[in-house]
Structures are given as C-alpha cells and as structure tokens.
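Keeping their order, the protein sequence lines are chains A and B. Numbering (our numbering) for the first sequence: 1 to 582. Numbering (our numbering) for the second sequence: 1001 to 1582.
These aren't lab readings, by the way, just hints derived from the structure by calculation. Quantities reported herein were computed from a predicted structural model and do not represent experimental measurements. Some hints could be false.
[Said to hold, decoys possible] So, partial list: chain A residues that the calculated Cβ filter (under 10 angstroms) puts toward chain B: (1) 28; (2) 199; (3) 235; (4) 243; (5) 304.
[Stated by the list, open to error] Here are the simulated DSSO-like pairs of lysine-lysine, each with C-alpha atoms no more than 30 angstroms apart in a straight line: (6) 1285/B / 180/A; (7) 1306/B / 254/A; (8) 1059/B / 1081/B; (9) 231/A / 1568/B; (10) 231/A / 1189/B; (11) 1180/B / 285/A; (12) 254/A / 1254/B; (13) 1254/B / 306/A; (14) 285/A / 1189/B; (15) 285/A / 1186/B; (16) 1180/B / 1058/B.
[As the list claims (entries may be wrong)] Which stretches of chain B does chain A cover? Using the computed rule of at least three CB atoms under 8 angstroms from a CB of chain A, they are: (17) 1255-1268; (18) 1338-1344.
Built from N, CA and C at the ideal position, the CB exists for glycine as well.
2 protein chains.
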Amino acid sequence: MAKFDLDTIRHSSAHLMAQAIARLWPDTNVQFGVGPVIENGFYYDVEMDHKLTEEDLKKIEGEMKNIIKEKLPIERKVMKKEEAITFFKKEGQDLKIELIESFPEGEEISCYQQGEFIDLCRGPHVESTRDLPMAFKLLHVAGAYWRGDEKNQMLQRVYAACFQDKKELKEHLHFLEEAKKRDHRKLGKELELFHFEQVAPGSPFFMPKGATIYNELVEFMRRIYRHYDYKEVITPQVLDSDLWHTSGHYEHYKENMYFSRIDEREYAVKPMNCPCHMLMFAHYKYSYRDLPLRYADFGRLHRYEKAGAVSGLTRVRTFCQDDAHVFIDVNGIQEEIQKLMEMFFICYKHFGFKNIKVNLSTRPEKKAGDDETWDKAEDALKKALDNSGHEYFIKEGDGAFYGPKIDVEISDALNRYYQLGTIQLDFQLPERFNLSYTNSESEEVRPVVIHRALLGSLERFIGVYLEHVGGAFPFWIAPEHAVIVPVNNANHLDFANKLKEELFREGYRVRVDDRNESMGYKTRQIQKAKIPFMLVVGDKEMEDLSVSVRAYGDKFSKSMPITELKEKFHHLNLDKMPEELR
Amino acid sequence: MAKFDLDTIRHSSAHLMAQAIARLWPDTNVQFGVGPVIENGFYYDVEMDHKLTEEDLKKIEGEMKNIIKEKLPIERKVMKKEEAITFFKKEGQDLKIELIESFPEGEEISCYQQGEFIDLCRGPHVESTRDLPMAFKLLHVAGAYWRGDEKNQMLQRVYAACFQDKKELKEHLHFLEEAKKRDHRKLGKELELFHFEQVAPGSPFFMPKGATIYNELVEFMRRIYRHYDYKEVITPQVLDSDLWHTSGHYEHYKENMYFSRIDEREYAVKPMNCPCHMLMFAHYKYSYRDLPLRYADFGRLHRYEKAGAVSGLTRVRTFCQDDAHVFIDVNGIQEEIQKLMEMFFICYKHFGFKNIKVNLSTRPEKKAGDDETWDKAEDALKKALDNSGHEYFIKEGDGAFYGPKIDVEISDALNRYYQLGTIQLDFQLPERFNLSYTNSESEEVRPVVIHRALLGSLERFIGVYLEHVGGAFPFWIAPEHAVIVPVNNANHLDFANKLKEELFREGYRVRVDDRNESMGYKTRQIQKAKIPFMLVVGDKEMEDLSVSVRAYGDKFSKSMPITELKEKFHHLNLDKMPEELR
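Sequences are here, hints too, so could you generate the full structure?
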C-alpha cells in the first residue's frame, strides 16, 4: 500500500466517495463542488435534492467498499477547455463548469476517470480503486456555501477520516471520541461552569464554579505579575473615537468594534487595552530608572464576531486577557524577552502543557520603523531565544508591520496544538502617541512597547484547559476541593460539619452533602462532578479523628488522620504558584 | 443673640449681602434672583454687569459689617400684586417680577425693607441689622442658571457661610479647610491613585496604586462573601434590548444607557447586573434547599451622566459595585435582613465609619404586588431591624413601587453623611422573568429578590474613603506598606534588599529607596505619600538585625528587631478581615 502517499490516498478516496454518492442517488440532480484533502481525511461538497442522513453515510461507505472491490483503473484524461465545458454540461455538473471557466484560456483541463465516474482534477491519484485502503470513515455532514460565499447556495459537505491503515484510523476515531467527551461546551454544561443566553451571542455567563476557575486564573497571573514586577492598572472601556483614530484602530479594526453615540460624540467599546496604556504612560513623566515599566490589565474587551462564527469559549465576542504592555528601551529588549520566555515556559509547564513550540516572525516587506531598529530588535529576540535554550522556528517576513513577534503554541493532552502566548514588539504606537521618557543623558527619547499575553483570552484558555484536563482540574484551581459525606446524618453530621468548618477556615472550598441519598448515589455524583476529594466520615473516623479519603479517579478510599489530610491539602495548594517561583 | 433662630439669621444675612452688593455697584444693573438659606449658610443669585472677584467678596463683607453697625430696622411691607409689580419694575428688578407673576392672583405680596433696600420675601427676619452676628464669610462665586434652567441666563451665585457666633463660624471654616485638603480629586492626583482623560469623561484611569486599593476592596468583599455564603458569577456586559424590555429598563432607564447596533439587533451596555442574574436563576432548576441563593457580581456598569455633571470618583459614568442578588422565600426575608444588617455594621465599623443611620422606606401609593406580600415584607424588615438592635427611621411611602427598601448612611471623619448601602426588596423582577423554584411541597413558587450593595459603587466608595482617611490608608489596604531606606547605599543596600526580599515573600508591598538623595528628602517624600512605615537600616540595624521604624504621622522612629517588625506587620494585616469574622 505504501507506494502512494497519504495525500494521494485521501484525494482518491474523495473521488471514491463522490462516485458512490452518484451511484446511490442517480435521480437527485447530484452536482459536485470541490473535494480537497484536509487534516486527517477529506471532504466533498455535494449539491443534491436528497438531504443526506447519518444512515446514508453508512450506505455510502458500503458502496465505496464495493467500488474498491471492483478494482476500477483510474485514468487521467486531458481535454481542451471548450471540450471540458461541453462534457460537464452534458453531465449536468454546473459547479464544475464554473470552476473550469475560471481557468486561463488555452490551459489543458485534467480529469480522472474510474468506471462510469469522471471528475475534474489535477491529480495525482492511485492507479486503481483497489489501491485504496479500507481505512476511512464518513464522519458527518455540514452545510457549506459554494465557494465559501454566503451569497451562494448551501451545499452538503461530507467529512471523512482517512488513513493508510485500519490501525491508524482506529487511533484517530478513538481520539475523536475522546475529544468529544472533553468538548468544553459539553463539560461546561455538565460541570455547571458556564452557559450562553440568546440575548448575548458569544458572551458566556460564568456560573459560580466557572467564576471560581476564572478568578483563580486571574489570581494566578497576579502572583506571577508580582514576581516579575508588573503593575496592574484599571482602565475605562468606553472611549471617544478620537483615541481610536490616534491608535489606528479606527482605520484598521473598525469592523470589529461596537460604537455608541453619546452627547454628540462617537464612542467605542474597547477591543484592546493598548491605547489606554499609551495614554497612561503619556500622563506621567518617566525616566530611564522607571523602565522597564510593565502595566498589566484584566480589562474586559469586546470584539465583534459574526453570530454564526461564535462557538463555546473559543470564539467569543467578549473576553479578558492577561494583557500587559512593557515600556522599554530598545537596548533592554533582549533581557526582557528572556524574562518573558522564562515566565511563559514555567507557567505552561505548570498547567501541564508538555510540548511548547516557539515561532519568531521577522520584518515584512511593508514596515514601520527604520532598518536599524528592526535589526536591533530582531537580533535581540534571536539572542533572547538562543539564551532561553529552547528550539524555535523563524517565520521570515511574517511579523506585523509595526514590529517582530514571538508566538507560542502548546499541545494539550490530546496532542492538539493551540497558540496561546504572544510577544509583539511595537515601534508604531509609541510614535502615534508621541511617547517619551528621559534617558540617563537627560534627553527625551521614545520607548519601544511590548504587547504580551501568556494565557491570552481567559475565556479561550478556560476552554482549552478544560479540554486538556478533561474537566478534572488540579486541586488549586478546582471549583470545589472536597465534599464531606457523613455515613449517616443522625450520628456523623456534626462531625462532618465541624470538619468542614476547619477546612473552610483554612481557605478550602468544601461542603457537606447531608441529603437523604444513598452513599452510592452521592459517590457517583461527586465522581461525575470530578471533585478532587470525597471525604467520608463515620464511627471509626469520629473515634480516631480521621477521614476516609477517595481521590478523583481512584477506585478505593484510604483512611487518613485529619492532620495528615490538612497537610496533604496544604501541599497540593502550594501549586497556586509554580514551584520555580515559590 | 439667641432670640432669633439660625435660619432667620441666615436669611436676614442674605438680605444684608444683597444690600451691600447693591450699594457697592449701583451702576451695574444689579438684579437679584433668589437668596435661600442652605446648609451652613446661604447664597444669593445676582445678575449684574460687573463680574465679582475674590477681592470683591472682601469688600462686600466690609459693607455688610457697616450696615450692621448702622442698626437699620427691618420692616415688613405688604403690597397688592399689581402694586408690587409696579414697585419692582421701578427698581429694575425684572427677576423679582417674574417671581411675583407666578404667585396666585389676589395673594398679598410680602416684602422686607432695611434702609434703602427692599426685597420680596416671606420672612421672618430679625428686627434690625444690628441683631445680626458678624459670623459670616463669603466663600465663593459660581455660575447658576436662573430658575435652574439651562435655557435661561447665567447668574452669579454668591455662597456664604453663616453661624450664630464666631466660634461656630471658625469651626466650620476649619472644616472646609480640612475638606479641601482631603478632596479626593486632589489626593488622587498627589498620591498617584487615578486620573482622567479627555477621551473618557467620568471614567477614571486607576494607576497601579489606585488599582491596588481597588483590588483590595474587591478581595475584602470576597472574604466577606465567603463568610456569608455568596457565590460570585461573571456575566456579559453587552445584551440585546429584548432583555432590557423584559426587565423594564428600556421603559424606565433608557436615557441613561448606551446602545449599539450589531447584526441589525439593538444591544445595550448594561447599567445594572440584575437582569443577568434573573436569566441565570431561570436557566437552572432550583429547589427550596438551594435558597437563599446569593449571586455576587463585580461586573462593570455604564450609566450615562451629563458631561457637566461628572465629578471625580463620586459622579462617574462607569463603575463596579459590590453588587449581589439574593433569591429568597418570602418567609426567609427577616433572617436574611438580619444577616445583612450584621454584615453591614461589621464592615462599616471596620472602615472606621462611626455613625451609621438606617432608613426603612415603606410602600408607596402606586405599587406592584399585593398588600399581603407587602405586609409580610415590611413586617419582616421591621422585625429584622428591631432584632439588629440599631435605631432606624421609617420613611413612610418612600419605597420603590416594586418593594420596600433599607438604606444605610455613614458619617465620615469630617462628620459628613454619605449613603452607601442599600437593601432593596423586589417583587417585580421575579414576575417579569417568570422565576420559580420548587418548594418543600413540590410546588413551583415565585421567589422574592433582594438587591443589595454594601460599599455601593467601588469608585465612589474609594472617593469617600480616601477623604475619610485623608489619604492615609490603614495598613492592610495601603498601596505600599513600607519603604526601606539604607543610610548609605555603599554599606547598607544589600541588607536593605535582603529585608525587602523577606517582607516581599511574606506578601507585603515594600520597596527600597536607593536613590542618591538625602535622608531628609526621602523622609519627606515618604510622609507625603502617606506610606504606613519608613524603615531605615544602617550599621546598628545590620549589627543587631533590627530596623529603625517610623510610622506615618509619628515624629520619631523606634528601633525594632526584624522579627518584631514582621509580627507587627502580620498583626496589622489581620485587618484584611473584620475581627468579628476572623
């Protein structure tokens, strides 16, 4: 099988699927759009009178297997443009004609034929349908506009997973299963963390447990900030458009902003904190002794996303970032970036993200600032990354026009990569706001600004992290640390309440479950809620001042003196701060 | 002197001032508007061609004293309406004519005459100008629209303090002086707590020190919430107008809201959190076992105030409250209110507010909800207040149409009263949102909602508290706890840094002042910044591991072993929680 590469196999399998659909529904005006290879498989866009169901997907899979068994040779045919148009018109494939018409005049049109089925295609393909492994699975059907344009008709897009062999397919399907179980929208609901309402698309309502996680993340970042000498500020959210003209957001970002007219002035709800921080820097007189000056801001931001595009916590219209701006001398860049890389790596590891990818994007063709500054800045970034001892990738020319950028991707428990952190140098905003500080020679000079975020949007981070831990949060950030269950209320409730009170006073989030329900029922509920500890107290525990401790995921409980339990909790709670920074 | 009451004296002194002005500027078309008694004195509105200056106020005071010495008898004159109009027309007092014309036909017009000066006035007055104590001071001149209508001409309003005797006047002037020193706008700037920008009227920018106070207040309330079993939630800020129609805000509060059109839907930035909490309650199924359910929310609110009305932190367009909503059974009201009163009194005392006034506002004529519910609710509030053992005042008929209310006023260090806390019962919102929970008989019943805030707007509270403590914050909430000053950098800087590191690790906000400035200069700066402690370290301190401690406001320092200093700090920091709740 290995004589064809995976992309070719996937591509030919897309044709295979189209052929099967055409065979199964011959009288439904089937027309095919495009059928590209994607990560882990392929899809094909289909227009037909019949609406495909889950069961239809099984039927199509069966027919695909039949065609493989028919061992149809796959042959390339070349036509002239006019010839191709005539051919596909006869076949009723109007979408293909649209594609052909967009090709340059005189170009040869390449098609591939297998049995009765012929498709417009550049290739390459396998030689025969029998070359295709039976390692595909049709996953689901979604709506998709023809050519991605919402003014066009909606087609049915059939998604499929496709691999070299059945083992790989099985692994992938297991991954999909696991990802589905961990879907943060599903977990968010089950664990009562957050939900959405019609009146606020893309704007989560965090219930008490979700808000606990949210606030713990903010507190976590505050501890990190304290260590690295960041100063938190609080800035307004609704600001006059004058400011957005100065910052350039009005010119470049207007479509994503919410406007409101007040007193015959136009105001916008802030999509970013940076302009506020520029104003603050400009408001005071700073000297080189005050630099690097680091303003942190958990201000709420609003950015318009299409109602159809918002999804769970990963695409929202409103969020807070662990946002900060560092005002710095151009000669201070390297040291600051090294500190940032240290901070980023320590924190990501603390959250259990094992693979961390670092990308450095350098100057694009169109850029602000002179080459000398860019040289200095890029050089400083490279040296800082070299010194931090981590591998990194250079994306030549991929920086923003106002400065080079480092972005950091992490992989989660299912090996999916997410970009979280960004470190963006900016030579432009200090210009626009005419910022300056006094250097050691008493001259007024312009600072460089670093925009940086480690977690990024807290909302999105919670979504990613929730899937990463599958809803079973580490002790320090768990919405509830423990539930105490008395064996029976009549004899053990007082003891349970007293224990609760003691743990509560030490700062833990604990409650007593004193409902008249069975131990089995309570155990299942506590496991389902993924609470780190269930603490059962009965006669024995009252007698020797102990608890029967069952950690989340464990099959059995363990008896433990209360003093030891407290030490255990204290120890676990130290994780509020990464070990390296304690 | 005591034969006339203070109001009469103030009123007659207003006439005295008007007479003096008329005498001093006879050729400036002087016209008088109204001259009422106000708290601590009086004012008079004057229209004239001459613009009064600070120096003019001195001249007027001199002339007022002359008139007192002239011992002019003050006599009441009664005229018919027509007669009065003719008279004041002759005098050129058009504003008085406007006033007279608004009186009912046939009413006798009362005037008072002293020497050449005659004024329209109901009285009463003293008998002679010599009855007036020379215990007044003209304070300042401000612009004021005639009859408070901005479409009318602007008059000059001359403000005066006026008392029974010179001692009282002196005390009041001292108070004014003190209030000016404590003005939170002035202190906010001096202590680098917050500032304002043109692009965001009424929207403070909290600098790092101000943000520290802000966050400490939030953390303080979170500790209180934890104790009283409140659950914090995080809710969106931009919500569809549908919601504001349901809540009634669109009908009653539209003028104060900011709107934005998105995707052809109308959205408003939230002025209050309550509708979000109603949605949250409606989203889940609750039973009587879950009640009282307390949602707390530090969500940022936006309420339009006229650009001219915003001032410092006390009148802003954006703020957060220590806002919470309690969902409760009508039979649970009394117990909950008692808890609330306990919480309020403990916290206000903790902030050092000594006098606490409680007002209970009962059902107005036009009201929502039946009399039985109102009876129950008012009765519960009264019983709760009785049980809490504090005096309270009943404001009959002063409640909102949707429920009775308790408001709490506190007096600050200068004995000024501010309303901070409110406890508002609401029978209306649960109706509008069709809320219900399952009672112990498995019936679906409607809860009552309590809106409550203890500090109210955090912004406003910071303004009030800043003036109350005159910028010298208690240790636990102070933006900086201590500054360490080495006697000389060459010998003592390492020791200073080591001490700083130790205190920093224990959670304190400390820094080392290692600038090349004199000890005297540093001392003055630390005093001016009102930092609780200055810690000086030199040879002696290095030798015996001590510090020379100077507390804010103290004239002298005191030597203290570092271990004792740490104990002291630890002890002071316990005030993060009121003693009663530790």
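Evaluated hints:
Hint status for residue 28/A relative to chain B: violated, with the closest Cβ pair at about 34 angstroms, above 10 angstroms. For residue 199/A, the interface hint holds, the least distance from its beta-carbon to any beta-carbon of chain B being 4 angstroms, beneath 10 angstroms. Interface hint at residue 235/A: satisfied, since its Cβ lies 5 angstroms from the closest Cβ of chain B, which is below the 10 angstroms cut-off. Hint on residue 243/A holds. Least Cβ distance to chain B is approximately 4 angstroms, under the 10 angstroms limit.
The beta carbon of residue 304/A comes within 6 angstroms of a beta carbon in chain B, closer than 10 angstroms, and the hint placing it at the interface holds. Restraint check: the Cα-Cα separation between residue 1285/B and residue 180/A comes to about 26 angstroms, which is no more than 30 angstroms; the hinted pair holds. Note on residue 1306/B and residue 254/A: the hinted pairing holds, with a Cα-Cα distance of about 26 angstroms set against a maximum of 30 angstroms. For the given pair, residue 1059/B sits about 35 angstroms from residue 1081/B by alpha-carbon distance, which is inconsistent with the 30 angstroms threshold.
Under the criterion of a C-alpha separation no larger than 30 angstroms, the hint pairing residue 231/A with residue 1568/B is consistent with the structure, at around 26 angstroms. A hinted pair counts as satisfied when its Cα atoms are at most 30 angstroms apart, and residue 231/A with residue 1189/B qualifies at roughly 18 angstroms. Taking the CA atoms of residue 1180/B and residue 285/A, the gap is near 26 angstroms; set against the 30 angstroms cutoff, the hint holds. For the suggested pair residue 254/A and residue 1254/B, the alpha carbons sit about 26 angstroms apart, so the restraint of at most 30 angstroms is met.
Distance restraint check for residue 1254/B and residue 306/A: the Cα-Cα separation of roughly 26 angstroms lies within the 30 angstroms cut-off, and the hinted pair is therefore satisfied. Between residue 285/A and residue 1189/B, the direct Cα distance comes to roughly 14 angstroms. Compliance with the 30 angstroms bound is thereby established for this hinted pair. This hinted pair checks out: residue 285/A and residue 1186/B have alpha carbons roughly 18 angstroms apart, not beyond 30 angstroms. A hinted pair counts as satisfied when its Cα atoms are at most 30 angstroms apart, and residue 1180/B with residue 1058/B qualifies at roughly 20 angstroms.
Look at the segment 1255-1268 of chain B against chain A: 6 of its residues bring a Cβ nearer than 8 angstroms to a Cβ of that chain, three or more, so the hint holds. Counting residues of the segment 1338-1344 of chain B whose beta carbon lies closer than 8 angstroms to any beta carbon of chain A gives 0, which falls short of the minimum of three for the stated coverage.
This entry does not satisfy hints 1, 8, 18, going by the numbered hints stated previously.
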